[in-house]
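Line order of the protein sequences matches chains A and B.
As numbered in the numbering used here, the first sequence has no gaps in its residue numbers, which increase by one up to the final residue, 349.
As numbered in the numbering used here, the second sequence has no gaps in its residue numbers, which increase by one up to the final residue, 1334.
Hints were generated in silico from the structure; no laboratory data involved.
Just so you know, these numbers come straight off a predicted model, no measurement behind them.
A portion of the hints provided could be inaccurate.
To be verified - With a straight-line cut-off of 30 angstroms between C-alpha atoms, the simulated DSS-like cross-links for lysine-lysine are:
id: 1; chain 1: A; residue 1: Lys109; chain 2: A; residue 2: Lys71
id: 2; chain 1: B; residue 1: Lys1010; chain 2: B; residue 2: Lys1082
id: 3; chain 1: A; residue 1: Lys306; chain 2: A; residue 2: Lys337
id: 4; chain 1: A; residue 1: Lys326; chain 2: A; residue 2: Lys223
id: 5; chain 1: A; residue 1: Lys157; chain 2: A; residue 2: Lys71
id: 6; chain 1: A; residue 1: Lys71; chain 2: A; residue 2: Lys41
id: 7; chain 1: A; residue 1: Lys32; chain 2: A; residue 2: Lys109
id: 8; chain 1: B; residue 1: Lys1332; chain 2: A; residue 2: Lys109
id: 9; chain 1: A; residue 1: Lys326; chain 2: B; residue 2: Lys1271
id: 10; chain 1: A; residue 1: Lys157; chain 2: A; residue 2: Lys41
id: 11; chain 1: A; residue 1: Lys157; chain 2: B; residue 2: Lys1211
id: 12; chain 1: A; residue 1: Lys241; chain 2: A; residue 2: Lys340
id: 13; chain 1: B; residue 1: Lys1332; chain 2: B; residue 2: Lys1271
id: 14; chain 1: A; residue 1: Lys340; chain 2: A; residue 2: Lys306
id: 15; chain 1: B; residue 1: Lys1083; chain 2: B; residue 2: Lys1010
id: 16; chain 1: A; residue 1: Lys198; chain 2: B; residue 2: Lys1332
id: 17; chain 1: A; residue 1: Lys326; chain 2: B; residue 2: Lys1332
id: 18; chain 1: B; residue 1: Lys1211; chain 2: B; residue 2: Lys1088
id: 19; chain 1: A; residue 1: Lys41; chain 2: A; residue 2: Lys109
id: 20; chain 1: B; residue 1: Lys1271; chain 2: A; residue 2: Lys198
id: 21; chain 1: B; residue 1: Lys1211; chain 2: A; residue 2: Lys198
Claimed, not checked - Here are some chain B residues the structure puts well away from chain A; computed CB gaps all over 10 angstroms:
id: 22; residue: Leu915
id: 23; residue: Met1019
id: 24; residue: Gln1087
id: 25; residue: Lys1088
id: 26; residue: Ala1274
Cβ atoms here follow ideal geometry from the backbone N, Cα and C, with glycine treated the same way.
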Amino acid sequence: MFRVAHYLNQFFGQVGGEDQAAIEPFMAEKPLGPGLLLKSLLGEEAEVVASIVCGDDYFTENIELAGQKCLEMINSVRPDILIAGPAFNAGRYGLACGEICRLAQEKLGVVCLTGMYPENPGVDLYRRQVKIVETGSNAAGMRQSMLQMVTLALKLVRGEALQSPSQEGYLPQGIKEAAISQDLAATRAVDMLLRKLGGEPFSSEIMAGDLDVVEPAPAVKDLSQAVIALVTEGGMFPKGNPDRIEAARATRFGRYSLAGQEFLSAQEYESIHRGYDTSHVNQDPHRLLPLDVLRDLEREGFIKELFEEYFATTGVATTLDNGKRIGEAIATQLKEAKVDAALVTAT
Amino acid sequence: MRLEIQEYQIDRIQFGPASQLHNGALQVNRQELQDLLARDQRFASVELAVVNRGERARITNILDILEPRCLARGEPTYYPGLYGDLYRAGDGTTIALKGCSVLEMGMMPGFFGAVLDMFGEGAQFGLYAQNCSLCLLTEPSPGLSQLDYGLALKQAGIRASVYLAALARKKQPSQKEVFDLGEAKPPPSDLPRLAYLYQLHSHGDSREPFIYGDNCRRYYPTILHPNEILDGAIACGHYNISFALKIPSYAIVNHPVVLDLYRRHRQQEIDFRGVVIAPEPTSLLEIRRTSQMAAGLFKNVLDAQGVVISKEGGGHTDVDLMSNCDACEELGIKTVLIDNEWLGPQGDGQAPLLAMSAKADAMVSVGNSDGVINLTAADRVIGGEVMLDAGEGLAEAVTVPLRCLANGLSQAGLTYLTTKER
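Please construct the entire structure, taking both the sequences and the accompanying hints into account.
Here it is as structure tokens:
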């Protein structure tokens, strides 16, 4: 028989309402509140061996200490499964459920499951680490939510393969792992097309990511008063790539002096970018970094000045996070250097 | 247009005194074929190796995979315009050795090879691990350019394919398959009218396939009869891009989307209206123009109601894919897109594609190109223990990116690999 520990807040643990939110954690070796429902749904296969109850305020205001105390209590009953909540749309309760599941999973290797309403702040904080069953916003759906949690927890503890998050009723964890399909991708595509044409339901295997929309900055009013910098994602570095910037999937960028230089020689600069045919820019680096033209414009007074360094990275298969970080860092450094505008050449 | 493919099932490949095909056993005179290929001055050397299914073998630095094929009659040839004289592909009789691959192999800075494991984890997603392989291990002459090495490899690959397939002439095929869209009775008018938009990479030399021997970038969208695709009108021409981001020649003549649509057409499940091939240009205006023209062909010439669209290449060509999706959907043509995802090694990336249209509501994933796979140690390695993007010590247990697997992601959809949300 699998052993189940159940985490509850002061309200569901039947201590009291808001006035009891500061209570320290305690453990009872029996089901409490919704634990009785949990016990009945678990049937013969598993039993509730302990309820761990903690006040919402206490947990969220002493998150490390509370987590540690609860973890010790949980560990003392050697459970196979930890069920936390469900917390529905209760924010502090959601945070506590997420945190205790994360801890028990990581430190004790226990199967952990909680339940929350998608807008509970605990979802954003913990869904990547913890499986969270989707619930309604309040306890009216307790029975249904608890049933889903029990079903999923038993599958997990038995080591059964899971269907998709939507089929299993938990919130997607933002991770896609390799899988083997029954049918060739081509066949799935034609099947999907026939369903789409026939007005039948289908589910896309790729969903839109969180793509940013960046508003272009307003135009520079007077270029003759502007300091202009050169920035490129085309992978053009001083030969030998002194900063060892990655040829693809860059995590960083470099900044290199142009001071006193009129031209970029193909002997001294080289693009190591892995995402395009670099032979043309390696014949003549100005095709990527137009230093020659900018020096002319500087002499003509069309721009006030070319900034004395250029910034370069490789923009190919860069993750969104790294791209954002690199972009923000370059922009910050340009601002600090009092550069008015940048000419960004992309490949 | 009527294409008859005479199939010869190959069970085993081995070296022997005379090149011949007998009862599924393909015997190759190693010296004869080696000499034939090494005659090309662009190679410093050519060595041959054979690998049979079931071996605990790992093949590395694979640059293209071909199915041995040649015309059943006349001068033994294949891939019109690229290898032999120009003729129309897709009409007549062609010999194909099934269960058999010819592998173009070699190393050059900037060339991305693939790993093919004939066993274990790496063998499970695709079809190539079930084939017997003839490996063409080549070395370029000193100072040879990427472009010339690629062309030499392509011609060697085709020459070896034709050489092997010609051995089947005058033998009894194991099976014949006839491709004739008009052969079926006129389809009932209420069948769904489907077509295929086959995007071909066109990002410069060594980054685009050949169409009747010419570089893809010189084409506008055009209608090809599906038979032409299944019979060598297009060959893979990519050498400096990850294997997962190109469609190898084998997958073109065995194109799973074309074959699936053909099968359903024969079963009168659909009316297969045809294929439009389209390049993937490098500027936005060209991309829009290409999409507009392709969508126009589906709407006004092929009268299609639904289109499968696939792409070749990296993230850049997601823009082409989305532009084609938009152009078709705007004309009322429903679309399903086939694409690979970019999700980081852990699969937790937040933007799977470089571009995403709101209209792209139906997509099939052929896997995470950033994903990795653990391969166990091999008994035998053919092609060297070092490979760009995969690292060193390739005889041992290694972790390699999925995009390096010959048998992994397939932008043509010739794979069982996909991603699953967790």
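Of all the hints given earlier, name the ones this structure violates by number, lowest first.
-> 11, 18 and 26
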